[in-house]
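Next come the chains, spelled out residue by residue.
There are 2 protein chains.
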Amino acid sequence: MKKYVGIDIGGTAVKGILVSEDGTILQKSSIPTLATRPFEEVAASIGEQIVSLTGGERIEGVGVGCPGMVDGAHGVIVYNNNLYWKDAPLADALRQKAGVPVKVANDANAACLGECRFGAGQAYSDAALITLGTGVGGGIVIGGKLFEGCNGRGAEIGHMTIVADGVPCTCGRKGCFETYASATALVRQTVFAMLTDRKSAMWDYAQGDLNKVDGKTSFECAKAGDGTAQRVIDAYLHYLAEGIINVVNIFGSQAVILGGGVCAQGAALTDPLKKYVNANRYGGDRGEPTAVVTAKLGNDAGCLGAASLVMA
Amino acid sequence: MKKYVGIDIGGTAVKGILVSEDGTILQKSSIPTLATRPFEEVAASIGEQIVSLTGGERIEGVGVGCPGMVDGAHGVIVYNNNLYWKDAPLADALRQKAGVPVKVANDANAACLGECRFGAGQAYSDAALITLGTGVGGGIVIGGKLFEGCNGRGAEIGHMTIVADGVPCTCGRKGCFETYASATALVRQTVFAMLTDRKSAMWDYAQGDLNKVDGKTSFECAKAGDGTAQRVIDAYLHYLAEGIINVVNIFGSQAVILGGGVCAQGAALTDPLKKYVNANRYGGDRGEPTAVVTAKLGNDAGCLGAASLVMA
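First to last, the protein sequences are chains R and F.
Count along the first sequence starting at 1, add 1498, and that's the number in the working numbering.
Count along the second sequence starting at 1, add 1498, and that's the number in the working numbering.
It is possible that some hints are incorrect.
A pair counts as met if it fits within one copy or between any two copies, since identical chains are not told apart.
Claimed, not checked - SDA-like mimics (lysine to any residue), calculated; alpha carbons at most 25 Å apart, straight line:
#1 LYS1595 - THR1510
#2 LYS1643 - HIS1572
#3 LYS1772 - GLY1673
#4 LYS1643 - ASP1569
#5 LYS1643 - ALA1810
#6 LYS1672 - GLN1687
#7 LYS1643 - SER1623
#8 LYS1643 - TYR1622
#9 LYS1773 - THR1668
#10 LYS1672 - ARG1729
#11 LYS1721 - ASP1732
#12 LYS1672 - ALA1733
#13 LYS1643 - ALA1571
#14 LYS1672 - ASP1732
#15 LYS1672 - ALA1777
#16 LYS1584 - ALA1571
Don't read these hints as lab results, they were simulated from the structure.
In this text, all values refer to a predicted model and were calculated from it rather than measured experimentally.
Build out the structure end to end from the sequences listed, making use of the hints.
Written out as structure tokens, the structure is:
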């Protein structure tokens, strides 16, 4: 069976896998990114990691997921704020070391491809992955293939305006989807609600410490019957659903896969979203309902998706 | 030179052209739609129109633009509120009459393809057409090809939320792009502003009659120095730009082509949009600037784009 290497570059660690074409992970490794080093040094370390992962076995290719704006056609990292790379020829650098075809993609996009090929999206040709973390990452698969936008300049779902002139975003604009639907946003909304209701059970849950509020606080307290917590979740789900509907109306995705820490809430998250999205998407109940599911692959999605970039 | 027929189905008229592969229109015709007739009768009339357009000349194929949700892969009009069609096998019906390949697409999508192939988008592989009319229509071309979403369920740019919980839309939701950026929206915003400022020059321009307000009222009075009119335009362009930026961030479009009556304003419309979009798109000034231009083909875009559907 054919084998591939998938690499997922993060700000602190570079994770890698050796994987067979059916998605079975045969080897795993992780090396520190040491992101302050020059690009050439980081690339050389990743090259060694690839050689070490293969253990001399023949591989068909290497796929790499990397944060930032990626020009997949030319294998170049256009820019990356965390790694300080600019027009970095990553595919070329790794191809010289590995001696096999190398493809690169944005890491969120790669994770989407991984979930679609080997995880929660296996049943669909057209799906979107929306990752609810510090920000909102997104990936789009159309007809089984990753959609990256012209010159990799697309699929920036997190920075889609859903409330013009709304909450300020780190990108400099206002009202981006991620300022309402990220885990960070949920924490902010939770803290805000707690400050309006000193009697909410969320105060006990957080041991009276606003610094201890996280993405679970409102969900757990709502389950226990706290009305303020429930209102936090209702509002959060409302904005999240509005963004999901935009994605569905624009791409016609058959399924929306939610990733990131918040998706640990499972049905408490996906059931109300499924109902709202299908009732409010354009065209309503005509055609197949849109599935809303949680990601399955966890931290392996990035590496598996990266490897998928070079699978036939 | 190869010849094609392009058909643009409207609520009142069905327009058709015979066109050569370089986009030269050789024949034109228009027949009444008589939309209350059963689908079979309308299709039979269009079949006769096609035969009449060709005048016995050999054609390579027929492309058809039709309002509503269209399943291009199966040549079926899934539904259409104005023609009362549901799962109508339009391509099959016309193929039987014309004896050549027939493809169908949503009319706004077809117009986009027309502008990209023969009009304002000729220089670009990736462009979006945004038509500012009664509503906001949209079409997306990716890599020279029409993007219609999975099962034709996509590219519904007009019903992308840009102000969650905002102005009610005819689709039943709130805050859709078209409730802020359509010509209808501009008229509503103009009337609203006039009712807050009885001294605005717009009252004279409209001869004191709110019923005479149209998409030109605010633009013309702003040019003449009316501050209230200028504020209407500033706000209108702000929302229009927010929607355009969403499209650019999602598709990475190299160019956004504006169609519909409002685009008669030319540079007064496109210059401020170009500036705002390029300053505020994700990734800012990295890479080529996004072009914002007005459509060139006018009423022929639909037929030319329809014909393009069957061009190699």
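Each hint, compared with the structure:
Only within a single protomer do LYS1595 and THR1510 lie at most 25 Å apart by alpha-carbon distance; the minimum there is 22 Å, versus 65 Å between protomers. In this homomeric assembly, LYS1643 and HIS1572 come within 25 Å of each other (Cα to Cα) both inside a single copy, at 17 Å, and across copies, at 21 Å. For a Cα distance limit of 25 Å, the shortest separation of LYS1772 from GLY1673 qualifies both inside one copy, at 23 Å, and across copies, at 20 Å. Both within a single protomer and between protomers do LYS1643 and ASP1569 lie at most 25 Å apart by alpha-carbon distance, with minima of 16 Å and 20 Å respectively.
For the homomeric pair LYS1643 and ALA1810, the shortest alpha-carbon distances inside one copy (11 Å) and between copies (23 Å) are both at most 25 Å. Taking identical chains as interchangeable, the C-alpha atoms of LYS1672 and GLN1687 lie at most 25 Å apart whether they share a chain (16 Å) or sit on different chains (22 Å). Taking identical chains as interchangeable, the C-alpha atoms of LYS1643 and SER1623 lie at most 25 Å apart whether they share a chain (8 Å) or sit on different chains (19 Å). Proximity of LYS1643 and TYR1622 under a CA criterion of 25 Å is satisfied in both settings, with 11 Å inside one chain copy and 22 Å between copies.
For the identical chains of this complex, LYS1773 and THR1668 are inter-copy neighbours only, at 21 Å across copies versus 31 Å inside a copy, given an alpha-carbon limit of 25 Å. Within a single copy, LYS1672 and ARG1729 get their C-alpha atoms as close as 23 Å, and across copies as close as 20 Å, so both meet the 25 Å cut-off. Taking the shortest alpha-carbon separations for LYS1721 and ASP1732, only the intra-copy value of 12 Å comes in at or below 25 Å, while the best inter-copy value is 46 Å. Taking CA atoms no more than 25 Å apart as the test, LYS1672 paired with ALA1733 passes in both settings, with 18 Å inside one copy and 15 Å between copies.
For a Cα distance limit of 25 Å, the shortest separation of LYS1643 from ALA1571 qualifies both inside one copy, at 14 Å, and across copies, at 18 Å. Both within a single protomer and between protomers do LYS1672 and ASP1732 lie at most 25 Å apart by alpha-carbon distance, with minima of 22 Å and 17 Å respectively. Taking the shortest Cα distances, LYS1672 and ALA1777 sit within 25 Å of each other only across copies (13 Å), while inside one copy they are farther apart (27 Å). For the homomeric pair LYS1584 and ALA1571, the shortest alpha-carbon distance inside one copy (16 Å) is at most 25 Å, but the shortest distance between copies (41 Å) is not.
This entry satisfies every hint, going by the numbered hints stated previously.
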